[in-house]
Amino acid sequence: MEAKELAAAKTTIQRFFATVFADEISAELYQAMKSDQFLMDLEAVSQKFYSKELAHGAMVLFEFMDRAGVDTYPQLRYAYADLFLNAGNNPVLPYESFYADREPITHGESLFLMRETLRKYGLHKDPNYWEPEDHIAVEFDFLSEMNRREASGDRAAGQARADFGKQHMAWRTEFCAVLHSADKSGFYQALAELTLGYLFVAHLSSVPPEEVAPQQPGADLIELARALKGTGPGVKSASAGEGIVSAQAGRRRPATFQDDPNPLLRLWRAVWNNGKS
Amino acid sequence: MVSCSGLHGDIKGGGRICPKGSANRAHVYSAYRLKSPLIRENGRFRKASWDEALDKVIEGLKAITPQKIGYMRGNDWANWVHEALFDHLGYPKTTHRPMCDNANRMANEHNLNDKRPWINYQEADYIVHFGMNELATSYGSRKTAQLRAALDRGAKLVIFDPRRSETAAAATEWIPIKPSTDAAVAMAMCYVIVKNGLHDKAFVTDWSNGFDEFKKRLMGEEDGIARTPQWASKISGVPAETIERIALEFAKAKAKGAISWTGLAQVPNGMYATAAVQALNALCGTFDAPGGPSLPFKRKLSPAWGKGQEKPPKGDAPKLDKFSMWAGWAPALLLEDVEAGKLEAMICYYGDPVLSWGNQAAITQAIEKMKFKVCIDAFMCNTATLCDVVLPDSTWLEQSQVKPDWLYEAQISYWAEVVEPQYDSKPMYWITLELAKRMGLGHYFPWNHIDEAFENQLKGLPCTLAQLKENGFAVTDEAEYYKYKKWGSLNPPDGYGSSGTTKTGKYNFVNPVALEKGVDPLPDHHDGPTDLQPDATYPFLFGNFRIFHHEHSSTFNNYQLMKRVGSNPLWINKMDAHDLGVEEGDRVRLKSPWDEIEMVALPTWNIMPGTLGSGGGFGHIRGLEGDPKFPQFGGSNPPGIQKPNTTEDMGGTPLLKYIKCRVERLSG
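Quick note, the sequences are listed as chains A and B, same order. Mapped onto our numbering, the consecutive letters of the first sequence carry residue numbers 1136 to 1412. Mapped onto our numbering, the consecutive letters of the second sequence carry residue numbers 565 to 1232.
The shape of chain B in the complex, shown without the other chains (with noise of 0.2 Å):
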């Protein structure tokens, strides 16, 4: 493998590639990948081959209760495989989305049919993002592409960030507003529309459940407090008059759409302010409009297990932990979990828990308690340090998979295996089917190559392996506007997927699962915990940001973006860096209520006052991160200072962008 490059005509790449893909010839042959199962003795990482490693692996999993044996995956490839395996096993599992947008989810999954209607931005003439930087995130280059040539041919862009990102760089209008905040905002902008009367009534009567219940709460008849822009004016810094203004060209605008992701999800008031921002399209009637949000909508695959072959049953794994909307295994409160004799065990596939679940001392020592740990990556991430074997994956060009994929249009992906697994390395596949022979449960598992799982998944589909081997995907379904018309609801017809459901087939102003869970069903702004607000002991709020050229902890040790992005200072507004005599370059303390951390000034316009921010994802002690011949690189995960064993209470995610905390000088 010499590069790597765009597909033309795939619909989410549309050709292009973003930093991530096209330096991917220097993740595969990263000098820092894992090669072969290492073994923990004596506190220390030994050689072991592929079978006796494995054997231990089993062998320190039947010493356990399966129902106290968690099971991480950090992505979903080969999902189907492995998940069919532990959730047999009755393992209790979690994944990287309860870490990252459980409490955007829990307002769009069950309002209308997924976590993210993107905006059509090719048609767009006004586009609204709350906390979001677009430019900067995945989910492929040809949306942000499109979202560039909007702004060229002069479409509106406005920006709601505590911070000056990429994307608010190269907005109309980047309007600071203070963390969780959101909500206030966006039901102020739904307030000025609808006590304007420019709400869409014919999408609101035909399509949308609740609406009288929504504008009772916007006008204040149920508690007097009408949401007014000067009501959120006082909450979120973002001036009265911008809120009116915004509102109303939003409104006035005829192509547009109103959108945000984990910047509202990882605060505490995510669930309500994702509401409030969907509402947004709601009101307007954009689903599916020109410009407007798209409704997402893709092909499911049949099962991988073909005519005469049993896929395993499904064990009795537990929901670890319960919140006000959803429940399942919350990473964050890993600590809480293992102390309480829940978990005993982890097997921990593509992710690192120790930088990314929270407070970090609290999910070190949650994993240094457990009896024992598998982890499966290909680098020698943070939490393999503490595992007690550690099996060398493939990375993703290393082995195949086929996936129902969506933007604007459905299509089916062919994820080739460019080349073969380097080293002793093995794919999850691999590794499932051997864990299940030894377990005796082969037989579940009768495929002698993927490609016979690959089949299987394609019948009854438009499209055949060799087809998509031959072109690398096969686009299933055009874009089309209104597809809810066609459809008879939001929700996709039978044979499509998409990540939530709308109980009603409408668009719910009033969260029907909020409903019948006791739990405040209509959007609005609520204040964090008292215990987490900011203080005159801890004035600054920091939030960590997406860097355009990493992948939350899993691109550290690819030198090309490394070269590009390598260490993450913090920002500080430049005037609060004055007022604390901090200059660029300086070592800085920054300490919350309930740790500390060193890390770099970057004393900067690009962000708020009282706000505080760097990129994620830092802090690795081995590869690129913790190698002395490479002094230039490393940084640190300001995140793992958060409180120990907290989330947000809606959907369990963790508050990475809502810490609290003070900035002390340590030297220049």
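Only chain A is shown next, with the shape it has when bound in the complex (with noise of 0.2 Å):
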């Protein structure tokens, strides 16, 4: 199995991660992941997988997706508006930030290091997508970006894509976990348990292939995208755009504002101004 082709499953799968969260699910989405092909193809390959945590996932989708009825859909969206935005007593906070430093605030850190990665691969968030640049999307078609350039013969985005996936691993992993325990719908449980399954498969992948014998953590990539291609989510970025898009212009404060005290904030500044020079 090659390298390229092993990139351009990763690059389905993280499109696919990145489109189920990045917003609701649409309603051609949802038509996508109910129609029988892909129902067909999901059981089938929850067969074949070697990894049992993958395989768990991608049956417990097909279980929820194959059960789906008239009234499911309406039901996701109420899922989704009280898991992501904030309508329920239990939302999920799909920020790094979060994560990280353990506060339910967005724009820590987190947010500005991933500006700055962006900007370093000639990449931006979308200003049509209103959540921030550490958002779990965003990082995951931040992913899928690099594996579609590692699948064209970039070799430096092979080993980005490595650093950051492994940089950016625990959160993605403890979000997963919350949304499994948060959502009541069974969809985003579903989803959790699947992407729990792909991050560790995907790590599988990074390591020799006889220190993970029997497993084949290439060959279960290649057949959940090959599953996954069937939704159509792995054409379009939800929430990345290619090129860099200059910083919003620093905003002017009154002459008469003090300066902060506060050493951490200065820092997060000069992190926020080193993005933006």
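Don't read these hints as lab results, they were simulated from the structure. It cannot be assumed that every hint is accurate.
What the hints assert, rightly or not - One side of the interface only, derived from the structure: several residues of chain B facing chain A at Cβ under 7 Å: (1) 595; (2) 596; (3) 599; (4) 602; (5) 608; (6) 609; (7) 610; (8) 611; (9) 614; (10) 616; (11) 936; (12) 944; (13) 1123; (14) 1186; (15) 1190; (16) 1192.
Just so you know, even glycine gets a beta-carbon here, dropped at the ideal spot from N, CA and C.
Dock the two chains into a complex; use the hints.
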């Protein structure tokens, strides 16, 4: 199996996760996930996976979608509002800042580091996507783009993807655990299980094959990508775009403001200024 | 945005900032912000586009008679624009005012020129506060810094309060007083001053109205009951000697002032108590004197509608509730108004009626009974959970406004949009224009950008928008002593505004509006209604209080602030707690004749026996208080157990600080 083939598979998988976490499930995506073909593929691959975790995740998602009736789609919209739009009492906070700082405040240092990373690779967050850059969907989108570049022969992008993936693994797994415990619809629990399964297998795929035998993580990922391709979202990023967009021009503060004495905030300001330069 | 700090030279902050202001980054960037319009379906919420949500709002409103659609604005941000629309439509309106200090205003806004003539602490040497925790109140940190400085240089501060608040703890004397008996003490102080001939005869003669009638009341010439310290002591629990001593000290002090706020407004006798406190100032001629209460004045803005632009004409909005001194929509009577068919729908902008309007179950029931409800808020407040459409509001650092303001000096402030509205939130200005367009009223709101309206508002004023943007504010008028002598009236001259007007141009011991309305126009003590007074079954009086780290019910998703104060235990005097077998941390049931709530007890010496208290604003079922990931945060809404559909009878203010109840220990 070629590295490029594996990267292409990961592109598809990560874009799928970016899409399902970027916004509520669109009617089109829901229909695609409810289609006979997708369900057949998903059930089939869940029997084939070497990884029990991935097999379980795929099977849970299959079972949910297979059971889904005419009333299910509105329920997913309600669940999304509860979990991600703060309509419910136990929201999932999909920002790395939250997991890094352990405070329910966005725009922590993780956000500025993510902006810096995007700029470094000639990317920007789609201005029409109103979540901050350290949102789980943007991070999956970034990884997807790095994999796409790797699949096109850009070896540096492969390294960037590997480094980023490792550094940002812990919070994504915790996010999945939090999502699993908070969701009452079953749908996001299934997505959380599939995402966790993927993260585990993706990790296995980064170590020498002999160390993980008889597991074949590359084969698992290619199978998963094949199944997910039927859902369609691999085509377009929901949250990221190519090219660097200039940072918003700094707004002048009145000359009468005092300087902030907080050294931590000065550090953040330095990070922010570096990001802009 | 990485931090918030004070603005040097600003008349209210003076370069300082309160905890709410300094923690604003955690407010704007709270992870609990509402991000998108939401529409309720089958008892659940789903995401909606602005177009869909606004169309749904229009559809819902069109189905209901305009005079039965209540419009509530909890703050005055860009109020000139949304008031213009909803006034035009004829929707009855309510604001923060009738749930805050309307009783207070019924005195001060008719007896002098404004609701709150703040004391010039910088020069005061004797200060008396009644039921007011100045160090924890809003309205800028410059004033409180000056109060602390006054204490440091030896000024005397006397606090009458059932609770040893932060200010009482810093004061020279804390004098515990039974709730809603402040009028008795203030009247007795007036009695001592007049009896001893210590009043300022020149001021009383030249600048007051009705002194003779007031004197008769004090001396008991009307009813045979002189308002002596002994009389007041029986009512208030304050020793007569203390009342007499404080009165004499106050009268003989050189630079002095007395003031009250909601502590006296959210109890049964608010108007009369406030009038009695201000009568102390009037007797001593302290208005605009060095160290005395400063008469408020601020520049009036020009209309936002410029040449060739037409402001929508006012519609015919009914006044839903009538009180002895005031008519309007009293929030505490919501259930009564809904059940009487006066209200069928509500647009609630910034505020959480469920947690702040009165009996929680009654307010909840009223909202549930209404046919259509819209909430505009930055967070999923309790009221929002009951609404059909929820629109995400921008916070105050995501929108701009021009506003005249006052604290000793007058200034025009510019509130800048520091960051763009987060997520898909929108400011009320934008929401109003979009609603107007959909109603075919877009021509009344002709600006391409809000700055055009600001430019109009600043016409004829001594500063430009560019100057305001550059500096953040423009001081238009310096502080002055005895402004009223220059004005020839206690009311400010043309071109200036204040929240009230004295019809005589003088201080009114006899409230002229009360006189017109056939209400007793003189200050006095009146007992609360019998059914609200403590009794053998419900021996305590509960009152909520302001917490320095929170602002009403709006700051409870701010992690920085919640880390400082994340719950609201029940303050109970240690002796009362001992008698009930209650210890710190015990769960207790706070029970009134009308409802009950569970709380955690905090026995303390800082509240007088027979009274109970807790911080206000808690009890959210969403956000940080509701989130099981943060079990350390969360409180309750004890004022929610007050009698339903009940207010004081002058201004319709809910009785948040006068709820009879008992305490039952549940567990250790």
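Structure versus earlier hints, numbers of those that do not hold, lowest first
9, 10, 11
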